[in-house]
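Asks: Next come the chains, spelled out residue by residue.
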Amino acid sequence: MSVYRGYLKIIQKNIGVLISYVAIFTLICVMITNTIPGRQIRTFEPDRQNIMAVDEDQSAVSQALLDCLAADNNVTQSPMDKERLSRLLYSGNTDYVLFIPEGFGEKLAEGDADQLKIRSVREPGSGAGYYLDSVTENFMTLVSALLASGYSEEEAAALAKNSAAEKAEVTMMQTDTLSQSERPYYSWLFVYFPYLYLSVMIYIISYVMMPFSHREIRSRIAAAPVPPVRQALQAIAAFLQLFLIFWAVTLLLPLMTKGADFYTSSMAGWYLLETLALLSVSAAIGFLIGNFVRSEESVAALANIISLGLCFLCGVFVPLELMGSGIVRAAHFLPVYWYETGVETLASSTKLDGGSISLLLQSLAIQLAYALAIVMMTLFALKKRHQTV
Amino acid sequence: MLQLRYRFIQALRNRSGIFWGLFFPLALGTLFYLSFGGLGKADPFEPVPTAVVGEENEFFTQMLGQLDGGILEVRQMDQEEAVQALEDGDVTGIYTNAQEPSLEVAGSGFGETVLSGILKEYMQYDSVIRDMSEKHPERIPAFIEQIGSDTRTYVENTSLGGKSFDETMEYFFALIAMACFFGCFMGQRLGEESAANISPLAARRAVSPRSKLLTVLTDMFVGFVIQFASVLVLLFYLNYVLQVHIMAHFGEMLLVAACGSLLGVSAGIFIGSMAVRPGVKAILTTAVPLALCFMAGLMYGNMKQIIEAKAPIVNRLNPAALISDALYYLNIYEDQSAFMLRIVLLAAWSVGMAFLAFIRLRRERYVSI
Amino acid sequence: MDSVISIHNLVKRYGGVLALDHLDLTVQEGEIFGLLGPNGSGKTTVINCVLSLLKYDRGEIEVFGSPMKPSSYESKRNIGVVFQNVAVFEQMNVYENIDYFCSLYVTDRKMRQDCVEEALEFTGLSDCRKKKPKQLSGGLLRRLNIACGIAHRPKLIFMDEPTVAVDPQSRNHILEGIRQLNKNGSTIVYTSHYMEEVEQICTRLAILDHGRCIASGTADELKSMIRTGETVTVEGIALDETALQEIRAMENVFSVTYAEETLTIKYGSSGNLILLLHYLEDRKIAFGRVFSEKPTLNDVFLEITGKDLRD
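Protein chains in written order, with the working numbering: chain A, 71 to 459; chain B, 1009 to 1377; chain C, 51 to 361.
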């Protein structure tokens, strides 16, 4: 058990540095999760956008338009300040800016709105902007038609505004599938776990194992009457305690990310299994790197390449449905992809049917297979190295 | 000159410094490019797939017909089919096309909002016509004719001076910031080779008759030039090979790259000359820049915007956010004053850090070696 | 002879620990001056203070007749240092390393090339000029370390434990090289805790302990300072109390120790072995090995401090 004790001693000596790594990556993970707006409702509510309106017309028509928009969105009036408005758009505080030029209502009443248009600025890359453009267009089409059919400006505006108070009858189907905005908030945390697990596992395992990779120390240990496989297994035993503590800590994170309902969820057990599978994959990768890396710089390089690379390619930071099909196909060969699939299944279901369960079991099995394969590969390589040391 | 030449050789042969400062950002940039391949180029607005059951209401049918192919993708189905499609997520909602049309959805998102908005529009028209038929029924034909024939557009989409932008650009801006920061690896080695209390190599250099001032300036110059060149390579690679257009104003881009590189290298020199455990140095040179770049949007593109909304002072102090912001204002919103503010803050950081590094290295005698 | 280094009343503290305790030392031109002492005695600290790498609390240091400061570039131009830890660039090959460090001292290109070739020849590294430090054995690496420190033909050379962890062949090469450098006119300050080495090559030496110079002079002078003139050791001998008393009473004997069948006698002069052998023969006392040793520097250290040099 001497190898086991040796590892424990090294872990103890480096505990400060190890805790720092855990803290930094945990902070990143928690910060990402806490930025995601969460709703967990089962009734329908339309998405409210933040609209800044520059109304230089101040006519009955312009007021009616803004009132119509305000029924389903948050409308704030503002004077014209290009810099301030662009900053609000850029920072995401505002989704949409509307400029109603002076005299617009009058021109519209005269049937002469071709020359004078409402100008809108959409948040770059926003689909909601397109939609708000069409809402505004439709409202103006309605007002135009009212004016054309003989109503005065004020009458048309009043009528259009009153009609905007109509409510659409929308019912919500009760399904077992949850949409993006309905999924439990804690599920987002689990989506980002691969970055945390991979980074931490590679750093701490490599850091602890690095002293053992020096040739002189390896030679000394190789001369000891402990077979290399047993040495590796003793190392695994030592690390197991570390892993379990780390795993337990990560399972407390839902408390920091508005996800306290995780602990009473019926899916909690499956989430635990998924995280254990992810932990085993991450630990296996860390074990592989830790046995062969020589310097701290190499550890940092590999940790970043592997964690960032796997996370980007497997849909952790960018949803898979937004990535190229070639990449998604390639991702099937990576273990993190299967973890993400498992978590997605859990996040979007209120209860699990046969299909979901088999998908989850598949995800778990593949991850564990990867972990085992990587460990076997490492042990084989260690044995080879032992023969040539 | 020979000293300078040798220092360049020593720095360029520092594999770790070159890897982090040059190759890692190139690799990550390529990874971003592969990952985001489908993003940003497509139309940001995808038609919302909708099932329609029944055809009772002519007006509603007409309305949906006009929207089909634009904002909607209409699929006529029977009730059973529609329910199944909704459950499977193939459609976002089901319109029941009756005298009083209704909508059934399975979630609460953007697509559902669009569908409810369209239904509401119909209700608006319906309400207007009901009112008209009560008070001015003679106006109804003109109203309907106008609705049907009005092809005017009332809304013109414009910008506040910015170009079109896809969200993935934030990742690339954060990547450039990271590339600047990773000059700290190069700097760390330079610092270790110059602080006599850190390495015997530095002690050997220190006992030579070469002026310490000259030695320090040479080291900082070498580190800066190499890192600056690495960032330029990255910029050219992104712009001309990956076709991520980020070099709108070349002169200002050089300024951003220069300030960022100086900051990264100086921070590295400062860290390298610290008498702390290697593990602590590793945290300072990898995890801290990563955390700063994360807050500037490296892993989650919107992070910087969220911080801007909640605590903008953080973005003014975070040098990675300053670099990313400066690039944004150069390439997208072209806001000169916003850019100048960022550049000034960044320059302050760079010069401050360079000064600190210089002061540390200038030391000639140590309390302990 | 002029003094090349003059240290007066040097005091250096590391926090609460007094590393150098009012140290006085002089090194004359043309000497190989040895600094001997156990680990922690202050040898490296003295050198670092003289080289102006370390701040010290009190005292004066002069090198080549001028006060030594970080900006004493003229003095530094004539100083070479071989540090205890190998101080070379991993990324550069042997030639480049020597050339780089030489260039810090010698600006003329032709002269520098000659210096580098000479240093390669001198340290026996000519065949390894293209190799990187990683490819060199421990001994060759040490030689590279030396080459980098002496390539510029300095008048004063500091060598801080240059033969640590070095194979015997390289060690002899290094010691021979040091003698040659001295013959060529360099003054050498040599630190070590291997007293045999110091005795072998140093012309004068000083013994340090706890930051103080407890003795200085030539090896013979130091040995003559102590009582011990000869040490005789007899192994495999069985003695009773009477015999021990008789041996203790013998002429010139001032110390007798007997343990585990080994008898150790210290005499105040030399040439006492014959008498002892006669005594043992007369008493018909059987014994195993016998050997006689002249006093060593360890004996000097032991008598002055009560500890072994290797402690």
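Since the hints were derived computationally from the structure, they do not count as laboratory data.
If you're wondering where the values come from, they're calculated on a predicted model, not measured in any experiment.
Ideal placement from N, C-alpha and C gives every residue a C-beta, glycine not left out.
A couple of the hints might just be wrong.
Said to hold, decoys possible - No more than 27 Å apart at the CA atoms, straight line, and that leaves these computed lysine-lysine pairs for BS3-like:
id, chain 1, residue 1, chain 2, residue 2
1, B, Lys1220, C, Lys160
2, A, Lys453, C, Lys160
3, B, Lys1289, C, Lys160
What the hints assert, rightly or not - Simulated coverage check for chain A against chain B, where a stretch passes if three residues somewhere in it have a Cβ under 8 Å from a Cβ of chain B:
id, region
4, 96-104
5, 148-158
6, 223-235
7, 419-427
Asks: Run every hint past the structure and note whether it holds.
Replies: Verification of the supplied hints:
no.: 1; hint: B:Lys1220 with C:Lys160; verdict: holds, 25 Å
no.: 2; hint: A:Lys453 with C:Lys160; verdict: violated, 54 Å
no.: 3; hint: B:Lys1289 with C:Lys160; verdict: violated, 42 Å
no.: 4; hint: 96-104; verdict: holds (count 4)
no.: 5; hint: 148-158; verdict: holds (count 5)
no.: 6; hint: 223-235; verdict: holds (count 5)
no.: 7; hint: 419-427; verdict: violated (count 0)
Consistency note: the structure conflicts with the earlier hints numbered 2, 3 and 7.
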